[in-house]
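J.: Listed below, chain by chain, are the residues.
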Amino acid sequence: MPPLLASEWFQRIATPAVVGLLLVSGWQAACRFFEIPQYLFPAPTDVAKSFLDNMPMLLGSLYITAMVTLKAFCLAVLIGTLTAFLFVQSRLVEIGLFPYVVLLQVTPIVAIAPLIIILVKSTDLSLIICATVVALFPIISNTITGLRSVDTGLLSYFRMKKAGRLKTLVRLRIPSALPFFLAGVRIASGLALIGAVVAEFVAGTGGRNSGLAYQILQSGFQLDIPLMFAALALIAILGIVMFVTMTALTQVLLGHWHESAMKEQA
Amino acid sequence: MKAVQTDVVQTSAVIEDLTGPAKTGRPTDRHLGVMPEQNADAAIIRILSAEKTFPNGTRALSPINLNVRKGEFLSLIGPSGCGKSTLLKIIANLIEPTDGRVSWWNGDFNQIGKPGRRLAFVFQDPTLMPWARVDANVRLALDLERQDGGDVTGKVAAALAQVGLTRFARSYPRELSGGMRMRVSIARALVDQPDLLLMDEPFGALDEFTRNKLDLDLVRLSWERALTTLFVTHSIYEAIFLSTRIIVMAANPGRIHSELVIDEPQPRDEDFRTSVRFAHLCRELSQMLTQASHA
Numbered sequence: 000m001p002p003l004l005a006s007e008w009f010q011r012i013a014t015p016a017v018v019g020l021l022l023v024s025g026w027q028a029a030c031r032f033f034e035i036p037q038y039l040f041p042a043p044t045d046v047a048k049s050f051l052d053n054m055p056m057l058l059g060s061l062y063i064t065a066m067v068t069l070k071a072f073c074l075a076v077l078i079g080t081l082t083a084f085l086f087v088q089s090r091l092v093e094i095g096l097f098p099y100v101v102l103l104q105v106t107p108i109v110a111i112a113p114l115i116i117i118l119v120k121s122t123d124l125s126l127i128i129c130a131t132v133v134a135l136f137p138i139i140s141n142t143i144t145g146l147r148s149v150d151t152g153l154l155s156y157f158r159m160k161k162a163g164r165l166k167t168l169v170r171l172r173i174p175s176a177l178p179f180f181l182a183g184v185r186i187a188s189g190l191a192l193i194g195a196v197v198a199e200f201v202a203g204t205g206g207r208n209s210g211l212a213y214q215i216l217q218s219g220f221q222l223d224i225p226l227m228f229a230a231l232a233l234i235a236i237l238g239i240v241m242f243v244t245m246t247a248l249t250q251v252l253l254g255h256w257h258e259s260a261m262k263e264q265a
Numbered sequence: 000m001k002a003v004q005t006d007v008v009q010t011s012a013v014i015e016d017l018t019g020p021a022k023t024g025r026p027t028d029r030h031l032g033v034m035p036e037q038n039a040d041a042a043i044i045r046i047l048s049a050e051k052t053f054p055n056g057t058r059a060l061s062p063i064n065l066n067v068r069k070g071e072f073l074s075l076i077g078p079s080g081c082g083k084s085t086l087l088k089i090i091a092n093l094i095e096p097t098d099g100r101v102s103w104w105n106g107d108f109n110q111i112g113k114p115g116r117r118l119a120f121v122f123q124d125p126t127l128m129p130w131a132r133v134d135a136n137v138r139l140a141l142d143l144e145r146q147d148g149g150d151v152t153g154k155v156a157a158a159l160a161q162v163g164l165t166r167f168a169r170s171y172p173r174e175l176s177g178g179m180r181m182r183v184s185i186a187r188a189l190v191d192q193p194d195l196l197l198m199d200e201p202f203g204a205l206d207e208f209t210r211n212k213l214d215l216d217l218v219r220l221s222w223e224r225a226l227t228t229l230f231v232t233h234s235i236y237e238a239i240f241l242s243t244r245i246i247v248m249a250a251n252p253g254r255i256h257s258e259l260v261i262d263e264p265q266p267r268d269e270d271f272r273t274s275v276r277f278a279h280l281c282r283e284l285s286q287m288l289t290q291a292s293h294a
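In order, the protein sequences belong to chains X and Y. No gaps in the numbering here: position 215 of the first sequence is 214 in numbering that gives the first Met the number 0, and each next residue is one more. No gaps in the numbering here: position 158 of the second sequence is 157 in numbering that gives the first Met the number 0, and each next residue is one more.
When the alpha-carbon atoms are kept at most 20 Å apart in a straight line, the in silico SDA-like pairs for lysine to any residue are as follows: (1) X:Lys-166 - Y:Ile-111; (2) X:Lys-161 - Y:Ile-111; (3) Y:Lys-69 - Y:Arg-224; (4) X:Lys-161 - Y:Arg-117.
Pulled a few chain X residues facing chain Y out of the computed Cβ check, cut under 7 Å: (5) Gly-152; (6) Leu-153; (7) Ser-155; (8) Tyr-156; (9) Met-159; (10) Lys-160; (11) Ala-162; (12) Pro-174; (13) Trp-256.
No lab work stands behind these hints, which were simulated from the structure alone. Idealized CB from N, CA, C, for every residue including glycine.
Produce the entire structure from the sequences given, and follow the hints as far as they go.
T.: Here it is, written out as structure tokens:
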């Protein structure tokens, strides 16, 4: 096999690309062969045409959804991490508050989104709050697990050296928790997007500042299915970009020492 | 050398009293195999009727009295569950005794860390930070002791040189073999110039060859630095090779059973390991262990 084809990066990019190309080709061929009407299941070329026709509007919506997702994700990371630190410092605080964190997690966002939207006057803020609520739990849960999963020998060593709480937190607990935290962050990035889209659906926001979920709703009402697919594809691409970014961050932070991020040795 | 058998009932007896009249303990005498001073004043650690019962009711240690003298290499040996590691952790202040107390340099644990009263612990596992390079792992001991300044790098380099890992200063622990990781752990223990080194079966997980090599390194380091060392091991050969005194412990509950003084020249080398004398000492210790396991 030529060196280019054998290289890992080529295989990582080329293999899924070839699979994707085959799927899209099969989809296109099936639509044309069975003459499926556009309003039932549009061919990829119809979706691409609709995207090009509506590009400024779709990109504007993508920007709005991306901003809501990103802000909610950052808020979830900040609040989740601080909450986890608080819980780890005091067992009593954790026992007292953790059930309510679980409650927040198990209550469907669709059920509480209308309440949040009514209570919060700013639509943008209400969307961010809804998405944050959805993304919060994995960060809290994983970070707590990470902060508690410290090598007992190292913990004993720090204790023997009379290291204070802050020093133990910074030098030992936080680095130990990093793999767990980053796994939580990866899950949260996807959940933030789901939360943002669900909140946009529920809020039914319209006008100039509407996100991709609104475009999906509107195109559904108008039976413009190619536009709906184009908006859906943008949401999927946004999700993939977030996941790849988080994976790259994990690779940078853990790649040199943690098994979960290290490349397999041949 | 002399073996002292203690009555099982007398586990709380002070071993110091059982070892006979004091001998001279000048540091220069160590190479002649002469034991350091055995009077109580020379003891840097005194365990006074310390016992330990865990919250689940397991009685790990019945009251134990033991003095650790300056400059000696004291090994604790015994069957599994006899409380060797528990005793070591009590000395390191990692576990509180249920009753009794420990005195460090005739004072409490707060004075540990001051010059001349430094304590280091080497665990069963290397307990290194996998995210930090070898030199950062060694430096941790100084960072936690708040020793900053220009000579920190020099101290780390010197400690790594002592364990033969200078070339691997910028490696990560995962890139090292098990033996090398344990050497990093030893370098971390040595970097802040400890006066008392506590080692809890540090070479137990290593192969025989690596273990023998690290034993030799330890003999050399201990000799060069005139370290007081407390060493927990399961290996009769290792205990004989390294120690100036061996405490044999019995289980259920953990207690001191007997003591063996290894009055052999220091520093020891491979010739000692293959000597007839070594074989005799191994047989003697083996018999003592058999008695302890049936006690």
